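Visitor: Chains as they are written, first to last, in my numbering: chain A, 12 to 256; chain B, 12 to 256; chain C, 12 to 256.
In short, the hints are calculated from the structure, not lab data. Note that the coordinates shown come from a computational prediction; the quantities given were computed from them, not determined experimentally. Hints may contain errors.
Given that identical chains are not distinguished, each listed pair holds provided it fits within a single copy or across any two copies.
In silico EDC-like pairs for lysine to aspartate or glutamate, Cα to Cα no more than 16 Å straight-line [to be verified]:
1. LYS14 / ASP229
2. LYS118 / ASP178
3. LYS118 / GLU156
4. LYS118 / ASP180
5. LYS246 / ASP59
6. LYS118 / GLU176
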Amino acid sequence: MFKAKVKSEVLKGIIDVTSPLVNEVKLNINSKGISLRAVDPAHVAMIDLNINNKAFEEYKADDIELGIDMDKLSGIMRLSTAGDVISLDYDETANRLIVTIGNLVRKMSLIDTAGMPDPKMPNLNLPAKAIIKASEINRGVKASEAVSDHLAIKVNKDNFELFAEGDTDTVNLKLPKDLLVELKSDNNYKSLFSIDYFSNMIKPVKGEDNVTIHLGNDNPIKLEFDIADKKGHVKYLLAPRIESE
Amino acid sequence: MFKAKVKSEVLKGIIDVTSPLVNEVKLNINSKGISLRAVDPAHVAMIDLNINNKAFEEYKADDIELGIDMDKLSGIMRLSTAGDVISLDYDETANRLIVTIGNLVRKMSLIDTAGMPDPKMPNLNLPAKAIIKASEINRGVKASEAVSDHLAIKVNKDNFELFAEGDTDTVNLKLPKDLLVELKSDNNYKSLFSIDYFSNMIKPVKGEDNVTIHLGNDNPIKLEFDIADKKGHVKYLLAPRIESE
Amino acid sequence: MFKAKVKSEVLKGIIDVTSPLVNEVKLNINSKGISLRAVDPAHVAMIDLNINNKAFEEYKADDIELGIDMDKLSGIMRLSTAGDVISLDYDETANRLIVTIGNLVRKMSLIDTAGMPDPKMPNLNLPAKAIIKASEINRGVKASEAVSDHLAIKVNKDNFELFAEGDTDTVNLKLPKDLLVELKSDNNYKSLFSIDYFSNMIKPVKGEDNVTIHLGNDNPIKLEFDIADKKGHVKYLLAPRIESE
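Put together the whole structure using the sequences plus the hints.
Guide: Written out as structure tokens, the structure reads:
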């Protein structure tokens with residue numbers, strides 16, 4: 012059983028952080044809330060998302076798994092406007108999710124979750140940590156797209172830095188400690204990442220919201236931020252690119 | 012002779028309801044106003060439009076027919092802004108319509124009306140009638156486009172209903188009597204229509220305006236609504252699709 | 012040496028008037044300001060632009076030439092928002108321009124100016140002059156694009172006029188003297204121009220700003236207007252098209 016009511020913007024927020032990485036996801040639903048963990052088709056990035064049942068207006072659920080086509084759900088949500096309360100109701104017999112927006116009833120078929128994996132979150136030792144307003148990073152990521160397809164993230168005791176280098180042009184964004192919400196780094200750390208992926212992970216974070224970054228040396232990066240009015244939490248993992256020099 | 016002045020938004024309104032169905036139309040002009048009746052190229056839909064001369068700021072006309080290319084007129088109207096008063100003047104010698112917007116004079120060639128038909132409005136017996144705010148239907152039509160290419164309209168004593176069914180997904184919009192402006196139906200009626208056409212007919216109606224729907228069983232649907240501040244009236248007819256089961 | 016700080020909107024203004032005509036330009040920089048003169052690849056139009064050093068927040072320069080890729084600079088400026096102050100710093104060793112926006116440092120390679128010409132401004136005798144608000148002309152140019160690829164500009168003692176003629180349709184915009192800021196013409200003058208080029212030259216002028224037009228008979232047209240809060244000035248020259256009749 013799964014029966015819930017949720018504000019349009021909360022459901023849209025879940026779609027916004029998930030759909031840049033994966034289209035078909037398995038929602039793990041239980042009485043406490045909803046979680047999903049998925050790896051992108053190229054196995055470069057992972058999303059781990061948890062939403063507390065307090066993010067919902069009404070919530071009632073047993074332990075079930077729902078296979079969702081994010082594109083389809085996103086199309087349905089475009090029919091709603093901010094402030095709408097959406098009803099979600101799992102129809103077990105037909106394996107469909109019944110989405111109700113006002114007087115509109117949309118029955119959406121679900122994907123078979125039988126073949127869908129349960130990826131494990133790898134155990135990583137990422138010694139550096141920085142908490143940054145998303146808006147501070149956005150400009151650097153956008154600028155980097157013009158000169159290269161990968162960027163370096165560096166953290167040391169005093170700065171967070173983003174660096175991209177093309178054949179002739181470079182981009183450098185240096186954020187000193189006083190522009191960061193928090194910086195904890197006992198040494199110099201640096202890893203290289205795909206700009207496409209990094210950009211997809213930063214875009215869903217609203218400009219004024221904080222994003223927590225965990226970094227090591229030639230190691231994956233972990234990004235964390237809250238959604239759904241702090242009643243939900245997202246973790247992204249992105250594998251490093253190895254410098255070819 | 013045809014010489015008139017009209018507010019930009021009135022002329023744009025005429026284009027908005029006509030151009031989704033037909034591009035080349037014959038305007039029948041006389042001293043009382045302008046009418047047009049046309050069938051779309053696929054012979055699935057008909058538009059019947061009447062504008063009273065009171066919809067114009069100035070109006071002077073003998074009995075004439077003007078062949079208009081709606082795309083071209085629409086392009087000209089994009090040069091105007093809300094509040095502009097447009098002058099229309101028929102130049103009989105050159106068979107052109109002289110459109111004046113402020114200091115700009117645009118002479119537009121007309122289409123030969125010789126070969127253009129005068130379709131007759133068929134005599135239909137459509138027993139059910141519902142008057143609905145356009146905004147109430149719009150969401151249902153948009154949702155239907157995602158699951159099928161046709162939708163069913165149903166009316167009974169208590170509800171107006173719109174239903175679309177794809178291979179796996181469905182859309183249902185049920186509007187009970189108290190959400191309708193008027194409902195008159197002694198029985199259950201249902202007909203099936205192309206979503207593309209139905210969407211084109213509903214889109215030009217502004218959200219808060221009423222649209223009157225006449226329905227029968229496996230019969231055409233008739234939509235009626237006012238334009239030009241109630242000084243103009245539009246009737247659409249749409250042929251049914253026959254259920255193949 | 013070249014080291015300057017400039018408001019984002021001033022730099023964007025320079026790009027807006029230049030990039031519709033030429034992509035690669037040579038900036039001639041000296042202690043008084045920056046100038047550029049360039050001919051479009053088809054040799055139909057010329058731009059002559061001068062910016063006083065007073066248009067900058069800070070300005071320090073020796074005599075140098077910088078070869079700029081306008082597309083690239085435009086891409087960089089999209090990272091800035093109105094009110095940003097941009098730092099420009101010429102790195103002579105690497106032949107790069109260092110563009111700093113907030114904490115972002117973008118090093119942009121420059122183009123070799125060795126092969127770039129120094130076009131001379133032709134000496135023209137254009138007897139008619141009209142000063143017009145850009146917004147008055149814009150509608151006429153847009154309307155002309157629908158009927159032809161060239162338009163005529165006419166000036167006489169009483170009017171400024173724009174005229175375009177297609178196979179069946181025409182556009183005419185007549186601005187009497189009292190709608191103009193200034194009109195000085197002792198006779199009738201008329202020249203024909205490419206609409207594409209003329210449109211590219213009028214578009215960068217903001218609607219409420221004045222543009223000064225100098226016209227002769229079958230002669231180039233000269234357009235002049237201020238930018239950068241009157242601390243910069245632009246001259247466009249456009250060669251006439253010869254009427255083929």
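Visitor: Decide, hint by hint, whether the structure agrees.
Guide: Okay, the hints, checked on the actual structure:
In the homo-oligomer, the alpha carbons of LYS14 and ASP229 never lie at most 16 Å apart, since the shortest distance is 44 Å inside one protomer and 37 Å across protomers. Proximity of LYS118 and ASP178 under a CA criterion of 16 Å is satisfied inter-copy only: 11 Å between copies versus 52 Å inside one chain copy. When the C-alpha separation of LYS118 and GLU156 is checked against a cutoff of 16 Å, the pair qualifies only between copies, where the shortest distance is 14 Å, while the shortest distance within a copy is 40 Å. In this assembly of identical chains, LYS118 and ASP180 lie within 16 Å of each other by CA distance solely across copies; the values are 5 Å between and 51 Å within a copy.
Taking the shortest Cα distances, LYS246 and ASP59 sit within 16 Å of each other inside one copy (5 Å), while across copies they are farther apart (54 Å). Taking CA atoms no more than 16 Å apart as the test, LYS118 paired with GLU176 passes between copies only; the shortest distance there is 9 Å, against 49 Å inside one copy.
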